[in-house]
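2 protein chains.
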Amino acid sequence: MYRTHNCGELRKENIGQEVTLSGWVQKSRDKGFMMWTDLRDRYGITQLIFSEEKSSQELFEKARTLGREFVIKITGTVIERTSKNDKIPTGDIEIEVSALEVLNAAKLPPFTIDDDTDGGDDLRMKYRYLDLRRRPVQNNLIFRSNLALETRKYLAGENFIEVETPFLIKSTPEGARDFVVPSRMNPGQFYALPQSPQTFKQILMVAGMDKYFQIVKCFRDEDLRADRQPEFTQIDCEMAFVTQEEILNTFEGLTKYLFKSTIGADLPDFPRMTYDDAMRRYGSDKPDVRFGMEFTELNDLAQNKGFVVFDSAELVVGICVPGQAENYSNKDIKKLTEWMQRPQIGAKGLVNVKCNADGTFKSSVDKFYSQEDLKGWADKMGAEAGDLLLILSGETDKTRKQLNELRLEMGRKLGLMKANDFKPLWVVDFPLLEWDEDAQRFFAMHHPFTSPKKEDVQRMLNGDHETMKNLRADAYDLVINGSEIGGGSIRIHDRVLQERNFKLLGFTDEEAEDQFGFLMGAFEYGAPPHGGIAFGFDRLCSVMNGQNSIRDFIAFPKNNQGRDVMIDAPSAIAGEQLKELQIQLNVQESGGEK
Amino acid sequence: MYRTHNCGELRKENIGQEVTLSGWVQKSRDKGFMMWTDLRDRYGITQLIFSEEKSSQELFEKARTLGREFVIKITGTVIERTSKNDKIPTGDIEIEVSALEVLNAAKLPPFTIDDDTDGGDDLRMKYRYLDLRRRPVQNNLIFRSNLALETRKYLAGENFIEVETPFLIKSTPEGARDFVVPSRMNPGQFYALPQSPQTFKQILMVAGMDKYFQIVKCFRDEDLRADRQPEFTQIDCEMAFVTQEEILNTFEGLTKYLFKSTIGADLPDFPRMTYDDAMRRYGSDKPDVRFGMEFTELNDLAQNKGFVVFDSAELVVGICVPGQAENYSNKDIKKLTEWMQRPQIGAKGLVNVKCNADGTFKSSVDKFYSQEDLKGWADKMGAEAGDLLLILSGETDKTRKQLNELRLEMGRKLGLMKANDFKPLWVVDFPLLEWDEDAQRFFAMHHPFTSPKKEDVQRMLNGDHETMKNLRADAYDLVINGSEIGGGSIRIHDRVLQERNFKLLGFTDEEAEDQFGFLMGAFEYGAPPHGGIAFGFDRLCSVMNGQNSIRDFIAFPKNNQGRDVMIDAPSAIAGEQLKELQIQLNVQESGGEK
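Protein chains in written order, with numbering that gives the first Met the number 0: chain S, 0 to 593; chain W, 0 to 593.
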């Protein structure tokens with residue numbers, strides 16, 4: 000037996016007991032005649048004491064050879080500490096060691112195993128097994144495990160059945176790129192890894208499972224931007240015989256339960272905002288409503304006063320930054336303007352108005368606007384003396400996006416995005432289709448299985464091109480603190496409507512039949528109305544912990560090149576494997592630098 | 000709103016209420032002036048009543064158009080049934096329908112949606128969404144969901160953390176064949192889908208996670224024999240600082256809990272049997288101990304009496320089939336002998352001895368053995384009058400395997416394998432290595448990470464070739480009713496020993512480093528002693544329900560060609576996809592028939 004207790008559980012009550020512990024040497028303090036060693040495991044830290052006086056010579060010598068991260072097993076007696084440590088639960092006691100066994104020695108770790116490590120990202124990922132020994136990362140994984148369990152308990156309590164859907168499915172090029180898997184038994188053919196279990200969960204509704212969920216890995220072969228992973232986890236859910244209202248209520252219930260049961264947070268009822276409102280008021284379909292600075296449109300007040308930039312703009316829109324008029328020098332404004340002009344954001348310029356304490360206004364466009372004009376703006380924006388107005392103009396969609404970035408930046412700068420202030424929000428009434436000017440085709444705003452609103456069904460079946468741009472869907476996103484946590488929709492459950500949607504999305508009849516014939520076929524054998532939602536589980540973990548990166552909640556994440564640097568994957572495979580799969584490499588020589 | 004209640008919950012107490020239900024039309028009985036319709040959902044069946052007298056003409060006409068599997072929504076009043084049905088929980092009531100809406104019509108299903116269906120396997124799989132509407136299949140999936148939840152609850156209660164390990168990993172050709180995934184971002188390189196999370200769970204132990212589990216999909220690209228799936232599910236577990244004894248106790252606890260909490264079965268303490276004993280007594284490392292007929296070795300009594308077949312055999316061994324002497328005519332014995340001689344089993348012959356009621360013996364080898372000889376056999380085998388002795392001879396391993404088949408066949412024939420009689424068993428002390436005469440190399444009996452028993456470590460490091468054949472491992476299998484439900488081992492946690500094992504298994508140093516360098520590296524930074532187990536989750540589901548096929552517990556299984564016939568996967572992919580992946584097909588023309 001390696002232990003009678005773990006390193007986190009001994010207390011005053013155990014004083015006098017003989018115990019056996021195993022764990023890692025966190026650190027030792029050698030005072031010459033006495034030595035203290037912190038023994039660590041997942042559960043905590045227990046202090047060991049070796050003394051020249053009480054320990055045998057041999058034991059004391061052996062203790063001195065222990066290095067950081069050695070794995071040891073000790074036996075000893077629990078004694079009361081003379082100087083207690085009230086920072087750790089075991090701080091009242093220590094172990095007077097009578098026997099010590101080194102279970103495994105350890106080389107010096109390439110970085111320190113501590114809450115704040117000196118290891119860079121690359122090093123930490125290469126030695127992930129050492130990085131995972133650090134308490135914050137370990138706590139993240141424990142949190143994740145707990146969150147998954149609470150999710151399952153709650154949904155099971157609501158009569159949801161967890162059904163495992165297959166990972167080896169069929170490639171459907173619509174949407175993101177699939178990872179594919181060559182089939183040895185069916186040469187020339189490929190499986191695809193699921194981007195989501197979407198069609199399977201719909202099939203389960205047709206199959207009468209009524210309420211389905213799954214916490215499941217999904218796969219997308221996309222170019223990895225920051226904080227995206229080729230494999231990620233969803234809480235995937237579907238219900239039959241439901242309205243949008245019932246879905247929102249069910250998953251608002253789940254979300255509240257998860258916040259309460261894992262971090263003790265009471266969430267308020269979730270407000271709902273239409274997609275149009277969100278875009279108009281925040282320039283984003285995932286507004287962070289922890290702080291204000293809502294958009295105010297100024298076309299009516301700012302146009303036709305001779306300022307050609309505004310006059311020629313489709314939209315003039317601004318935010319009011321409270322109390323910052325005096326804090327922003329011309330130099331600061333210039334810096335902010337340059338930040339907005341970076342290609343990532345692409346604003347042409349930034350107009351500012353300072354609402355001075357004396358009731359006057361100072362603006363970068365004083366030339367064109369009177370004090371009265373500026374007062375009009377300030378009034379409309381609800382500004383008070385001391386506030387700073389920041390105004391953009393241009394094409395509506397672009398300008399809103401830019402102002403959204405500016406608003407978030409100001410929120411960050413002013414410390415308005417507090418980590419443990421949770422502001423959930425349902426964004427509803429998304430458009431069904433999005434017209435892509437470049438591709439000259441429609442894309443599904445949510446996905447090709449999303450239903451138009453009931454009142455839009457006839458217009459969708461019979462309407463003209465322009466009508467299609469204005470169809471609304473029963474689609475919804477759950478947004479918390481500016482992160483999209485979940486999204487879903489009521490689905491089409493009628494073959495004719497689904498065919499129409501595929502056609503609008505540019506599928507030929509053959510393509511639709513080839514890729515989704517089974518689903519449309521299923522719709523003919525008694526498909527119930529149904530809908531669902533999927534939560535980004537990695538993102539949910541990070542948002543609940545007020546952290547930005549999902550990577551810290553994934554045990555073995557991949558880097559931006561999609562590589563696992565610990566195991567060094569992907570890698571070349573044996574020629575024999577390729578031969579069995581009846582494929583061959585066709586890798587382009589990359590001439591020179593890349 | 001589609002429903003106020005589901006189709007399984009209305010009772011006498013609800014009489015008089017107006018309710019709305021939605022579901023599928025199971026069947027209708029039209030009596031001309033009255034019509035009854037069974038409305039079905041996951042929760043049950045509720046009887047609807049339409050009558051010429053009470054319903055409007057329009058409603059009554061509409062009801063008559065309803066076909067099987069139509070999806071409808073009705074509103075009506077709960078009334079007491081005149082003729083009650085005590086076979087269903089809703090049998091006291093029916094619904095007098097006042098409003099009917101057809102939510103979706105249905106084509107006539109290609110097979111009947113009933114407990115016993117007329118659909119063949121192929122048809123059921125193609126229309127899996129209809130097959131899954133059948134109560135027994137639905138119950139299987141509900142059972143599976145429940146079993147997974149109970150597993151998680153129990154293990155979480157034991158401080159296990161569920162950690163998701165990656166699906167896109169590295170190909171390691173040892174063991175079964177990997178499914179591979181070409182990496183677009185790393186041209187010419189491939190990920191592999193995990194055959195199990197083995198190395199990752201060991202890494203998690205090195206990382207100090209202490210107790211890990213995961214219910215996880217695993218993948219093996221093997222030729223699919225009956226009841227094997229290319230993707231299957233494991234309950235995968237690992238613990239640090241544990242002995243084999245602690246692992247067995249922990250997972251015996253889990254198994255008992257699962258049987259109790261899901262099917263109400265109390266399992267006895269699990270007996271333990273060494274691998275050697277299992278092979279000697281049952282000719283199998285997964286003996287079905289629901290019934291006796293243990294092997295008796297007869298070399299000492301049956302050899303050197305002039306019967307050359309026995310004399311030249313390495314092993315003479317038999318079973319005693321109780322009470323079957325008179326039931327087996329010469330013709331029956333001949334049939335049984337032929338069954339044993341089929342190539343799948345390959346016995347050369349089958350010797351029988353009938354223990355007659357009068358105390359005499361009748362045998363197929365009377366010529367060589369006296370009555371006294373045969374009595375000696377019978378005594379050693381514990382036979383009584385009326386018993387039938389069946390005896391095989393030949394090379395030890397082969398003969399044991401053959402007699403195992405015979406024993407199981409007799410158990411089946413005599414009805415001794417009762418579905419709800421659960422007889423668990425730990426088989427322990429497996430050999431570490433298995434010598435393959437054809438390949439002229441060792442294979443790992445469990446897997447390359449399994450530790451030899453402590454007392455065998457030095458022999459493994461220093462011993463000669465013959466010594467390697469006799470090493471025992473801390474490896475164990477959980478067997479229930481002749482099915483291997485789980486298997487595991489204590490792992491190697493020392494670099495030197497792991498290197499030695501790879502060398503014995505025929506790895507070059509480079510291959511070992513290339514494939515498992517990260518693991519051996521991890522062992523140098525303070526790896527704790529650890530071990531674990533994995534349960535075949537699909538198999539556990541079927542065994543607990545006394546069923547033979549795992550397919551019925553998988554929502555969307557693949558057929559023997561690895562195909563999902565519902566979605567028609569795998570399939571060809573677009574040339575554009577191949578180009579992006581920088582691979583090309585190299586499919587052999589198959590000349591003529593295949």
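It is worth saying that the hints were derived from the structure and are not from the lab. Small disclaimer: the values here were computed from a predicted structure and weren't measured. You may find that some hints are simply not true.
Since the list gives no way to pick out one identical chain from another, each pair is judged satisfied if it fits inside one copy or across any two copies.
List time: in silico DSSO-like cross-link candidates among lysine-lysine, alpha-carbon distance up to 27 Å [what the hints assert, rightly or not]:
| no. | residue 1 | residue 2 |
| --- | --- | --- |
| 1 | Lys-452 | Lys-72 |
| 2 | Lys-106 | Lys-452 |
| 3 | Lys-502 | Lys-452 |
| 4 | Lys-502 | Lys-125 |
| 5 | Lys-453 | Lys-61 |
| 6 | Lys-152 | Lys-255 |
| 7 | Lys-30 | Lys-53 |
| 8 | Lys-453 | Lys-106 |
| 9 | Lys-468 | Lys-83 |
| 10 | Lys-83 | Lys-72 |
| 11 | Lys-333 | Lys-397 |
| 12 | Lys-259 | Lys-152 |
| 13 | Lys-86 | Lys-26 |
| 14 | Lys-578 | Lys-333 |
| 15 | Lys-333 | Lys-30 |
| 16 | Lys-361 | Lys-412 |
| 17 | Lys-11 | Lys-379 |
| 18 | Lys-255 | Lys-453 |
| 19 | Lys-502 | Lys-61 |
| 20 | Lys-468 | Lys-374 |
| 21 | Lys-255 | Lys-379 |
| 22 | Lys-125 | Lys-330 |
| 23 | Lys-72 | Lys-453 |
Hints not upheld, ascending by number = 9, 14, 15, 17, 18, 19, 20, 21 and 22
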